[in-house]
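Engineer: Each chain, written out:
Protein chains: 2
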Amino acid sequence: MIEKKDKGITTKKSENIADWYEQVCLKAELAEFSKVKGTMVIRPRGYYIWQAIQEYFNKNIIEKTQTENAYFPLFIPESFFLKEAKHAKGFSPEVAWLDKELTKEGERLAIRPTSETIIYDSYSRWIRSYKDLPLRINQWCNVVRWETQATKLFLRSREFLWQEGHCVYETEKQCDKETENYIKLYQKLCKELLSLPTIIGQKTEKEKFAGAKYTLTIEAFMPDGKALQCGTSHNLGQGFAKAFGISFLGQDEKPHLPWQNSWGLSTRLVGATVMTHSDDKGLILPPKIAKNQVVIIPLFFKGSEEKVLKQAKEIEKELLKFRPILDDREDQKPGYKFNEWEMKGIPLRIEIGPRDLEKKSVIVVKRNTGEKIPVKIKDLKKEIPKLLEQIHQELYSNAEKFLNSQIIEVKNWKEFTKAIKDKKIVKTLFCGEEECEDWIKDKTGGASSRCIPLESRNKKVKGKCSHCGKPAQTEIYFSKSY
Amino acid sequence: MIEKKDKGITTKKSENIADWYEQVCLKAELAEFSKVKGTMVIRPRGYYIWQAIQEYFNKNIIEKTQTENAYFPLFIPESFFLKEAKHAKGFSPEVAWLDKELTKEGERLAIRPTSETIIYDSYSRWIRSYKDLPLRINQWCNVVRWETQATKLFLRSREFLWQEGHCVYETEKQCDKETENYIKLYQKLCKELLSLPTIIGQKTEKEKFAGAKYTLTIEAFMPDGKALQCGTSHNLGQGFAKAFGISFLGQDEKPHLPWQNSWGLSTRLVGATVMTHSDDKGLILPPKIAKNQVVIIPLFFKGSEEKVLKQAKEIEKELLKFRPILDDREDQKPGYKFNEWEMKGIPLRIEIGPRDLEKKSVIVVKRNTGEKIPVKIKDLKKEIPKLLEQIHQELYSNAEKFLNSQIIEVKNWKEFTKAIKDKKIVKTLFCGEEECEDWIKDKTGGASSRCIPLESRNKKVKGKCSHCGKPAQTEIYFSKSY
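Those protein sequence lines, which keep their order, are chains R and X.
If you number the first sequence the way our numbering does, the last residue is 482 and the count never jumps.
If you number the second sequence the way our numbering does, the last residue is 482 and the count never jumps.
Among the hints, erroneous ones may be present.
One copy or two, it doesn't matter: identical chains are merged, so the pair holds either way.
As a list, the in silico SDA-like pairs of lysine to any residue whose alpha-carbon atoms are at most 20 Å apart [said to hold, decoys possible]: (1) Lys441 - Glu205; (2) Lys313 - Leu299; (3) Lys37 - Leu98; (4) Lys313 - Leu326; (5) Lys381 - Leu102; (6) Lys104 - Pro93; (7) Lys100 - Pro113; (8) Lys281 - Ala18; (9) Lys359 - Gly303; (10) Lys100 - Trp146; (11) Lys459 - Glu475; (12) Lys401 - Thr369; (13) Lys360 - Ile373; (14) Lys104 - Thr151; (15) Lys291 - Gln54; (16) Lys35 - Val143; (17) Lys424 - Glu15; (18) Lys104 - Thr39; (19) Lys86 - Asn458; (20) Lys64 - Ile325.
These are calculated hints, taken from the structure and not from any lab test.
With the hints as constraints, model all of the structure from the sequences given.
Structural biologist: Pasting the structure below:
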């Protein structure tokens, strides 16, 4: 229940997006801050979204790619970390360690920030022959990264939930192909489930995963002009195989090093979805991930209460598969109820009063647009799924329009800095050098490379880097980011 | 792939159950020991079982009891632990703490051994009025208990996976009723999904959960006469509510302390299932939790290979919903394949050779009994589900017969010690005193109280304690345990 003083979101999305976002997460009861610094509680309405992602993922990605779920330990021995030098260097600063007292006799234990090392130790025992390949395993788990920056609900916390897939292949070609396939499946998930358009591409050398040959990414763009990395797929090359002693006897009966990839997405996606679609009234959710897709609100007038309530209950029964809420509280007025369920992001509201009853119809209100649509009661079961699909499409198409409108192609440094200042995404030519990337970040107050568009990865470009003027190596996106 | 030297289980279940059990888990590829002392890797064939439990649980327990899933932090501040004195005392010895360096400025952080304290901190903010009750929340997560005893795959490890439910009620009566309902639902899960018969009852004061008013339990009995606790449901009384400041405004507009329960089951259940049903050839699984319910093995003879393989593939397609494996390896003989899939616990094997083809039939072999059943190919789709159901029933009824045959009612101390020596479960009268329980454990080399049978909890008994001779308070089960 919402107390009067907390009623509604008190900040506008356009004015202070950080405060607005936090209010939406808190007041729609998706999550709250925990008393443990840097961590969060995911409440049932928020966890439902994560479960919907898991369900989609297991059905459409795990099963279809013949990947299997498994579970590896939370703790990782220090020596495992040290085996792959670049990986160790990349992750060391944010690793949380167990109390040394517990491991007095052995080596230090880390809490997994990611599981490459502990998983590949097992792989070194499981893989013997080309017949054991490809090996494709995924795990759903919690990971810990001891961030020092301030926590943002879903977007940054010291513990988060994710999945991490870890595959091993005979050939580089196969590895390349599937590394790309997984990131494309992530993009599809974002579109089909979360109405979230993303840009797909390759990270620069500077921004790639610690220990990877290359990293593919999908990036969403938030209304404040900041990018949000929504999923990554890393071709790990043969570095981990070498470090962990994974090898296989090939069809040629000789030993070979396999190729590996890893790929992950996290509860961050919940944050990206909330921030993209919601408005000043509160949460807007793509219908597929809404815990309740419909709220039914009977409008009580003296004398007809009983009749109206009876009809509302019948509708509730009829619409059971849309996980309806029937809000028949007598101590709250309709307006209060409208506000509450709008804030909590129920995609469709059904209003039913005595006059509607006479006409054997109800008013259906779309959360995303506020449109009021009269629907005959007998048609509800047929019309609701159409309206839900419509909302899904509208959310996607609005977000896509916004994304496209934000991308500005720039030819020189002046245009570059202006675009970043205007909170746009810069598309430009780039020399590819890490130093130049550092300079850009520094001079723009934080803009970093997002990715080299997937389709132009191997395309040769003519022209100059818009920052340093050296010959360009590639097209690229730059923007600020979460 | 299994290498020749590892072929088969080399220890008999009746001779050395511990070694036999470990071999079954390892060779059926359910799990392996991790290099981190005290932890394990759950491999895909093992994790599948856990996923089946999760799926059943979410559908039949979570949804039907209007419980909601959520997620709370892995880390718990020390001060939370200390709030409920008995709880703190019970769990302190096995808590793993984070490196003090990480929390220099704040208090020590524990890795959750169970989540009552961190969850009830949130509840103290979420609950205001009787309208917020009952509150029923469950979480799926990993927990850590720094055991010093040797690890047993699934049965005892420093990290394990579980679910923990946490409910809050207005009245004691409601709390009692649902605490009992949840343990009954656990028993139903064991029966319907895992073919596992259990005894249901209440723990003694000595064995109850730290901080609980009372604990209900379901206990399975292993072939070596040891009990295995499979799930518990605790009525927490009002102690945690008091400690965490959870109160609600009642219908009488006055503040009240609510009643709480918590209930959990873990990956231990996988171990109980494996140990109960499997045999000297390896794993036997109740069909509902088998990753593959059917393996199809074409018998190749010169000249007819192509025809047989074609038919085998058609059968595979036809039986897709039973998650079939078609083992068409040409470099392995049928006998080798039979052994391998028997060891891995596939409930049904379909053998198809040229002679069967002529008769338009196949041989179906039941893993649990070895029965060979000729089935017309056109009838397969209809017969397979019947056979799977039959296996499920047979496993349950065998286990139930065994369980019943193990329970010995004893009247005096001589009978008591003999029964325990014979690896039986003692059912007897008991004085209820903790000291007496300690003595029994000591004198029998480890037998501890399992539970007071649910149906005789509130029954008055006449007679004497079979150990100390004092007036008996209750009926009870005693046995050794895992």
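Engineer: State for each hint whether it applies.
Structural biologist: To see whether the hints hold, each was checked on the structure:
1. Taking identical chains as interchangeable, the C-alpha atoms of lysine 441 and glutamate 205 lie at most 20 Å apart only when both belong to the same chain, with a minimum of 15 Å there against 64 Å between chains.
2. With identical chains, the CA atoms of lysine 313 and leucine 299 are at most 20 Å apart within one copy only, with a shortest distance of 13 Å there and 60 Å across copies.
3. In this homomeric assembly, lysine 37 and leucine 98 come within 20 Å of each other (Cα to Cα) both inside a single copy, at 17 Å, and across copies, at 14 Å.
4. Taking identical chains as interchangeable, the C-alpha atoms of lysine 313 and leucine 326 lie at most 20 Å apart only when both belong to the same chain, with a minimum of 7 Å there against 51 Å between chains.
5. Taking the closest pair of Cα atoms, lysine 381 and leucine 102 never come within 20 Å of each other, the shortest separation being 59 Å inside a single copy and 55 Å across copies.
6. Proximity of lysine 104 and proline 93 under a CA criterion of 20 Å is satisfied inter-copy only: 16 Å between copies versus 22 Å inside one chain copy.
7. For the identical chains of this complex, lysine 100 and proline 113 are neighbours both inside a copy (18 Å) and across copies (18 Å), given an alpha-carbon limit of 20 Å.
8. When the C-alpha separation of lysine 281 and alanine 18 is checked against a cutoff of 20 Å, the pair qualifies only within one copy, where the shortest distance is 15 Å, while the shortest distance between copies is 61 Å.
9. Only within a single protomer do lysine 359 and glycine 303 lie at most 20 Å apart by alpha-carbon distance; the minimum there is 18 Å, versus 75 Å between protomers.
10. Taking the shortest alpha-carbon separations for lysine 100 and tryptophan 146, both the intra-copy value of 17 Å and the inter-copy value of 13 Å come in at or below 20 Å.
11. Taking the shortest Cα distances, lysine 459 and glutamate 475 sit within 20 Å of each other inside one copy (9 Å), while across copies they are farther apart (80 Å).
12. Taking the shortest Cα distances, lysine 401 and threonine 369 sit within 20 Å of each other inside one copy (16 Å), while across copies they are farther apart (63 Å).
13. In this assembly of identical chains, the alpha carbons of lysine 360 and isoleucine 373 lie at most 20 Å apart only when taken from the same copy (14 Å versus 60 Å across copies).
14. Taking the shortest alpha-carbon separations for lysine 104 and threonine 151, only the inter-copy value of 18 Å comes in at or below 20 Å, while the best intra-copy value is 32 Å.
15. Taking CA atoms no more than 20 Å apart as the test, lysine 291 paired with glutamine 54 passes in both settings, with 14 Å inside one copy and 19 Å between copies.
16. In the homo-oligomer, the alpha carbons of lysine 35 and valine 143 lie at most 20 Å apart both inside one protomer (18 Å) and across protomers (19 Å), since each shortest distance falls under that limit.
17. For a Cα distance limit of 20 Å, the shortest separation of lysine 424 from glutamate 15 inside one copy, 17 Å, qualifies, whereas the shortest one across copies, 72 Å, does not.
18. Proximity of lysine 104 to threonine 39 under the C-alpha cut-off of 20 Å is restricted to the inter-copy arrangement: shortest distance 17 Å between copies versus 28 Å within a copy.
19. When the C-alpha separation of lysine 86 and asparagine 458 is checked against a cutoff of 20 Å, the pair qualifies neither within a copy, at 25 Å, nor between copies, at 64 Å.
20. In this assembly of identical chains, the alpha carbons of lysine 64 and isoleucine 325 lie at most 20 Å apart only when taken from different copies (16 Å versus 34 Å within one copy).
When held up to the earlier numbered hints, the structure conflicts with 5, 19 and fits the remainder.
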